[in-house]
Amino acid sequence: MFAGSVSLLNPHAIMDTVGVIGASSLQYAGAEKMGFTVACILVSFVWFVFLAVAGRVLKEMKPGFIPVLNKLSAFFIWASAVYMTVLLLE
1459 MFAGSVSLLN PHAIMDTVGV IGASSLQYAG AEKMGFTVAC ILVSFVWFVF LAVAGRVLKE
1519 MKPGFIPVLN KLSAFFIWAS AVYMTVLLLE
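Residue numbers (my numbering): 1459 to 1548.
Don't take every hint at face value.
Stated by the list, open to error - So the derived label-pair ranges between C-beta atoms look like this:
no.	residue 1	residue 2	range
1	S1531	F1460	41 to 49 Å
2	I1472	F1508	18 to 26 Å
3	H1470	T1543	39 to 47 Å
4	K1520	G1493	24 to 32 Å
5	L1547	G1493	34 to 42 Å
6	V1496	W1536	20 to 28 Å
7	S1483	P1525	19 to 27 Å
8	Q1485	P1521	28 to 36 Å
9	I1472	E1548	30 to 38 Å
10	M1519	E1490	26 to 34 Å
11	A1497	A1471	28 to 36 Å
Read the hints as simulated data drawn from the structure, not as lab findings. Bear in mind that the values here come from a model prediction, so they are computed numbers and not experimental data. Beta carbons: idealized from backbone N, C-alpha and C, even for Gly.
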C-alpha cells in the first residue's frame, strides 16, 4: 500500500508524465498517437521490471559494490550538470 501511494501520489512523477510524455505526444495524431501511447506503456513496464531484477541481483552482490555504484552515479550526475552548465554559458 505504501509503495503504491508513494509512486502514484508522487508529484514529480505526475509532472514528468504530463510535462514530458504529454508534450511529446502532441506531435502525433490518430494511429501514431496510439502507437506512442502503447510504446510508452511498454517501455515503462520493461524499465520497472529491469529495476526489480537489478535490485535483486545487486542485493546478492558484495556489500562493497554499492558504495562504488553510488560514487559512479554521483560522478555521472555531476558530469551531466557540468556539461549542461557549459552548454548554457556558451
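The hints, checked one at a time:
no.	hint	verdict
1	S1531 to F1460: 41 to 49 Å	25 Å, violated
2	I1472 to F1508: 18 to 26 Å	22 Å, holds
3	H1470 to T1543: 39 to 47 Å	22 Å, violated
4	K1520 to G1493: 24 to 32 Å	43 Å, violated
5	L1547 to G1493: 34 to 42 Å	39 Å, holds
6	V1496 to W1536: 20 to 28 Å	36 Å, violated
7	S1483 to P1525: 19 to 27 Å	40 Å, violated
8	Q1485 to P1521: 28 to 36 Å	47 Å, violated
9	I1472 to E1548: 30 to 38 Å	33 Å, holds
10	M1519 to E1490: 26 to 34 Å	42 Å, violated
11	A1497 to A1471: 28 to 36 Å	18 Å, violated
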